[in-house]
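A.B. asks: Residues per chain are reported as follows:
Protein chains: 2
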Amino acid sequence: MSASEIRELLKLIDRPEIISFAGGIPDPDFFPTAAIARAYEKVFQSNTGAGGALQYTISEGYGPLREWIAGYMARKGVRAGMDEILVTSGSQQALEFIGKLLIGPGDLVAVTKPTYLGALQAFSPYEPTYVSIAMDEDGPVLAELEEALAAKPKFLYLVPDFQNPNGTTVSLERRHAILEMCTAHGVPVVEDAAYAELRYEGEFLPSLAGIDAARNGGSPTQVIHCGSFSKTMVPALRVGWVAAPKAAVERMVLMKQAADLHVSTINQIVMHDIVGSIFDSHVKRLRGAYKERRDAMLQALADFAPEGVTWTRPQGGMFVWIELPEGMCGVTLLERAIREVNVAFVPGAAFFADRSGRNTIRLSFSATPPERIREGIRRLSTLVRDALPVAA
Amino acid sequence: MSASEIRELLKLIDRPEIISFAGGIPDPDFFPTAAIARAYEKVFQSNTGAGGALQYTISEGYGPLREWIAGYMARKGVRAGMDEILVTSGSQQALEFIGKLLIGPGDLVAVTKPTYLGALQAFSPYEPTYVSIAMDEDGPVLAELEEALAAKPKFLYLVPDFQNPNGTTVSLERRHAILEMCTAHGVPVVEDAAYAELRYEGEFLPSLAGIDAARNGGSPTQVIHCGSFSKTMVPALRVGWVAAPKAAVERMVLMKQAADLHVSTINQIVMHDIVGSIFDSHVKRLRGAYKERRDAMLQALADFAPEGVTWTRPQGGMFVWIELPEGMCGVTLLERAIREVNVAFVPGAAFFADRSGRNTIRLSFSATPPERIREGIRRLSTLVRDALPVAA
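Chains as they are written, first to last, in numbering that gives the first Met the number 0: chain A, 0 to 391; chain Y, 0 to 391.
The hints are simulated quantities; they were obtained by calculation from the structure and are not laboratory data. Don't be surprised by glycine CBs; every beta carbon is placed ideally from N, CA and C. Please note that the accuracy of each hint is not assured.
[Stated by the list, open to error] Here are the simulated DSS-like pairs of lysine-lysine, each with C-alpha atoms no more than 27 Å apart in a straight line:
1. K245/A - K151/A
2. K41/A - K99/Y
3. K99/A - K99/Y
[Stated by the list, open to error] Counterexamples of contact, computed for chain Y against chain A with all Cβ distances above 10 Å:
4. A49
5. E179
6. A288
7. A304
8. V330
9. R371
Whenever a hint applies, use it, and build me the whole structure from the sequences.
C.D. replies: Set out below in structure tokens:
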């Protein structure tokens with residue numbers, strides 16, 4: 000399966016007959032469209048004129064937005080100064096810069112099994128060798144992590160909350176243990192917090208950056224934290240950030256300048272406007288809406304899934320992770336699902352650096368209304384049941 | 000002088016007492032602000048809703064914008080299909096991708112002397128060895144180009160129109176000769192056409208991509224063409240493009256996906272709207288406005304510049320290139336100019352891959368009204384005259 004898999008699959012979503020669980024994308028029906036429209040309008044009605052919003056700006060990012068991000072991080076227990084935050088074109092660009100900053104050909108990079116495909120795509124051009132760590136329901140298995148860290152990887156990449164793709168959340172105890180082990184081995188942690196705000200049950204857990212900061216008088220030393228507004232606000236403005244020690248941010252600012260100068264000025268101003276006014280209320284609304292969809296998917300799986308199929312029960316995020324009966328292939332199932340029952344998803348193997356996980360698939364519930372989720376799971380379950388004897 | 004020179008200098012522009020000839024930036028007073036405001040407004044008033052404009056999109060870029068670019072390229076004699084065009088975050092990102100695509104550590108890259116600093120910043124992370132080709136008033140000196148090409152560089156990078164930094168335009172005859180030589184040696188040409196529309200006198204010359212296409216039945220085979228809306232429309236939307244043979248674009252699309260997924264969806268839609276309605280009329284207006292400033296700078300230099308100072312006479316673009324008397328240093332002059340006469344510019348040495356050009360400076364006339372240009376040149380001339388005995 001090629002690196003452009005997700006991209007090719009995203010194209011399927013536009014076919015109306017397809018029930019797509021493929022893209023890990025927010026539902027546009029939940030976008031804060033009115034607030035965004037008003038924010039763009041305000042830019043052009045401003046007394047100082049729109050000139051500054053349409054001009055080049057500094058590579059670090061729009062000052063007031065970085066200040067907002069610093070305040071947001073502080074609420075999470077992380078003290079990050081203005082010079083420890085870089086605004087990036089989504090958190091994808093932060094991952095790309097981290098790859099460029101830290102990986103040389105043949106260097107080890109530790110990832111979980113499975114891990115976020117976009118991170119592999121960002122890191123792989125820098126030619127790392129991956130060491131893949133198995134997960135249980137509380138996160139990376141510590142014995143495997145210890146073994147991986149002993150091999151001195153350049154960093155550990157982790158999505159601690161409602162991981163893309165498998166929905167797992169790293170437990171508080173496990174977070175402390177991971178940080179302790181990484182600190183002991185001197186291995187930085189790259190924390191991808193793209194989904195952290197989308198929790199539908201249970202208590203919010205401190206980020207790895209927050210735990211690290213609490214141990215170090217407020218500022219993280221071991222953790223590079225990547226944040227994004229793509230899941231909480233909208234993806235199309237391409238605004239994310241990376242918070243890291245000053246020396247790393249300084250180097251990434253130069254990368255940003257060489258890569259594309261800066262994130263769209265007007266989009267940064269608009270993002271600052273909307274997060275300043277509606278961040279908390281909007282995220283609260285999203286939690287309610289996406290919870291309903293998660294619940295619909297879990298209920299449909301309970302009602303329809305055939306024997307031998309297991310799934311995760313995510314506390315948030317956008318994904319349920321399915322393990323098909325041993326011997327069944329996610330790629331083959333996708334081909335049949337699209338052709339025979341008009342259902343799409345992402346085969347799980349794409350999320351394994353070691354190309355295992357052949358019998359896994361990722362289902363996203365975020366962009367599909369509850370009734371269609373139920374119908375899609377019903378169709379898919381029928382297909383899996385039908386495929387079972389063939390695979391056995 | 001560090002790689003962050005231009006960035007640091009851009010920060011000076013905000014100090015009102017400084018007359019800045021530093022940034023190669025458009026004047027916000029000339030931005031098509033009303034058209035842009037209306038275009039954003041239309042996105043939110045559309046019958047189909049703004050959801051699509053705020054959602055993720057494909058990495059290749061917004062279809063209608065790529066179609067407009069294809070039509071624009073066709074007007075310039077270049078037949079580029081949809082799959083031969085990638086929308087990038089300004090042409091800076093196109094340069095970055097070209098570096099990633101073509102340069103390995105130690106590979107030769109041919110550039111002119113001087114060349115665009117941003118291109119050096121985009122290429123240098125991939126660790127090329129530069130071979131620098133001297134220029135005369137018609138472009139790169141052919142004897143030096145021949146020698147450079149014989150060493151088999153990965154590509155030749157060229158800004159054929161009103162080059163940043165020295166304002167030189169490659170003559171028609173020289174364009175043909177360069178293409179012939181590059182074709183004979185099998186060396187691709189990277190054509191940076193950022194300023195091509197801003198011609199204030201003389202006839203528009205065909206792009207290298209256009210000449211190449213005419214020789215090859217309409218499609219270029221030897222030229223990778225980088226375009227930008229930053230100078231013709233506005234920089235802040237971060238929309239540019241690269242037109243290249245399909246195989247190269249396919250690889251750059253994967254780079255785009257790994258780097259930041261795609262250019263801001265809404266910004267691409269807005270850019271498509273405004274170029275569709277005002278491109279020709281707006282560019283015509285810009286030509287008039289910037290010509291006045293170029294003329295003011297050339298007149299002021301003729302009136303005030305001391306003996307021993309020479310300068311280029313650009314037919315377009317944003318830059319006049321100054322050669323100071325031998326032995327005088329552009330960096331030292333900048334430090335004194337900022338401190339003593341509140342004038343800023345960019346020392347020329349930054350634009351030389353071989354770090355020559357110590358006695359050169361780049362003056363941008365684009366962002367300064369004619370009277371302030373005259374005053375700035377007067378002050379700078381006084382300072383140079385004052386510095387002359389010291390340097391002699």
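A.B. asks: Against each hint, give a clear statement of whether it holds in the structure.
C.D. replies: Structure-based check of each hint:
Restraint check: the Cα-Cα separation between K245/A and K151/A comes to about 23 Å, which is no more than 27 Å; the hinted pair holds. With a C-alpha separation of about 39 Å, the suggested pair K41/A and K99/Y falls outside the 27 Å cut-off, and the hint is violated. Distance check on the hinted pair: K99/A and K99/Y sit about 11 Å apart at the alpha-carbon level, within 27 Å; holds. Look at A49/Y: its CB is around 5 Å from the nearest CB on chain A, not clear of 10 Å, so calling it non-interface is violated.
Every CB of chain A is more than 10 Å from the CB of E179/Y (nearest about 32 Å), matching its label as outside the interface. No Cβ of chain A comes within 10 Å of the Cβ of A288/Y; the nearest lies about 14 Å off, and the non-interface call holds. Distance check on A304/Y: its Cβ is at least 29 Å (rounded) from any Cβ of chain A, clearing the 10 Å threshold; non-interface status holds. Distance to chain A confirms V330/Y as a non-interface residue, since its nearest Cβ pair spans about 20 Å, more than 10 Å.
Against chain A, the non-interface label of R371/Y holds: every CB pair exceeds 10 Å, the least being about 17 Å.
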